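> Take a look at the letters that make up each chain.
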Amino acid sequence: MWPKARDYLPPLGLLLALFGLWELVAWRLELPFILPAPSAIFIRMASDWLLLLRHALVTLEEVLLGLAIAFIFGLALALLIFHSKTLERAIYPLVIAVQNVPVFAIAPILVLWLGYGLFSKVAVAALIIFFPLVVNTVDGLRSTDRGLVDLFRVLEASRGQLLLKLHLPHALPFILSGCKVGVTLAVVGAVIGEWVGSNAGLGFLMVQANARLKIDLLFAAIFWLAALSIALFGLVSAIERAALPWRRVGQG
Amino acid sequence: MLRLSGIEKGILRNGLPLKVLAGLDLEVGEGEFVSLLGPSGCGKTTLLNIVAGLIRPDSGRIFFNGREVSSCRGHVAYMQQDDLLLPWRTALENAILGPELKGADLHRARHEAEGLFHRFGLEGFEDHYPAELSGGMRQRVALIRTLLTGKRLFLLDEPFGSLDAMTRSVLHRYLLGVFEEFEKTILFVTHDLEEALLLSDRVYLLTARPARVKALLEVPLPRPRDRGEPRFIRLERELERLVQEELHVA
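Protein chains in written order, with my numbering: chain A, 1 to 252; chain B, 1001 to 1250.
Keep in mind that the hints were calculated from the coordinates and are not lab data. Because the structure is a prediction, the values reported are computed rather than measured. Using N, Cα and C, we set each Cβ at its ideal position, and we do this for glycine too. There may be inaccurate statements among the hints.
Among chain B residues calculated to face chain A with C-beta under 8 Å, some are [what the hints assert, rightly or not]: (1) Y1078; (2) Q1080; (3) L1086; (4) P1087; (5) Y1129; (6) E1132; (7) V1219; (8) P1220; (9) L1221.
Model the full assembly from the supplied sequences, consistent with the hints where possible.
So, in structure tokens, the structure goes:
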């Protein structure tokens, strides 16, 4: 289950080397308001850990709520598109078109409508992952083997059985890989929402720290964001491994 | 048990109408093993799909136990060349798909499946996923699944077509065992002349597309059959001659 030393040592070594280089450059430049040394950032992370944690939890909440909403509505829309040719023809081109509107552009509108609180960020996070999730799920549902559908038809499966026992299990890997991409995108979405207008969250903290020239705190917030993103990605990957045991076999 | 009369079917290929089946008549009696032998692409699979109720014939009628079942489903079990196992289910879960979809007693189905796994040399592989099984094992699981549907009439579409000769002859033995012990009726599609003669009571030889029945051959030999036996060889030559004749015409 756990990666072998051979797999994680090289990237870890490279990361440490990059930090070392950064540290050297930062010491030579002596411009802490532009490029703080990693050591200074880590000291800031330690001294302000409670502040960072508090804002990180706000961002985490936005991301998780956004994910949950996108997942529920995305799955529902994907099923509708899959089940009705008419709905597919009506909705699918719109889904693809809307996907190309940059979320950056509509974030201010969402903040205007939904306020500075939690909901506007949840909406941005949900929007940014909603469409990739729908497209992935529809692709998954549609790619079911024709022969398997015929097998179920010969066995006189009902529509519900066809969906629950064939199409959905078949689409599950697609849905989960959509979630995997979605979870990191959702973090981006939440932070965009926080930049545009908020009173809490890591994005808010970054804007504040920047304005007060606390660049080490700005970097500390970025480190937290990266850690949050990686942790969420790891979580979805773990869920994926647990939900798809059959994918691990036959691969040695 | 099964009677087809005047089955016709055309399809569109590259926008042009193409006749696949041209008035096909055939009969399969209760407890009979009947093979459909024909060149590849002559419409054998189309015919089985029609019998299974997956597609509609353009004309013609299908009778099952005297009742017309044209474009009805649920009266047959269907096994194809592709094992069609669900990759996310274990071998045993795949085997009990039929009873599960029917809402039958799953406990009993599992028990029955375990017995068949044992009998087909799959003991210990119940909880393996299809990806972990060899082609022959997967096809045996598919055969168990077909058996557990509880249907009397099996449609088998080149079920062993992708297997090597040794695995195939093992599976022939299992299939004949099932056929005799469980008193099944089998309509078997193949393009392998020897396979048809080894297994069936009667062989329908089909023409090239559009398919009609070219000849009907009885195989009055006891099973298990020996392909070196003079009577077997004589039948094989006879069938070979008919096939060659058809290839020359086509």
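> Against this structure, judge whether each hint is valid.
Hints, verified against the model:
| no. | hint | verdict |
| --- | --- | --- |
| 1 | Y1078 | holds (5 Å) |
| 2 | Q1080 | holds (6 Å) |
| 3 | L1086 | holds (7 Å) |
| 4 | P1087 | holds (6 Å) |
| 5 | Y1129 | holds (4 Å) |
| 6 | E1132 | holds (5 Å) |
| 7 | V1219 | violated (28 Å) |
| 8 | P1220 | violated (32 Å) |
| 9 | L1221 | violated (32 Å) |
Hints 7, 8 and 9 from the earlier list are contradicted by this structure; the remaining hints agree with it.
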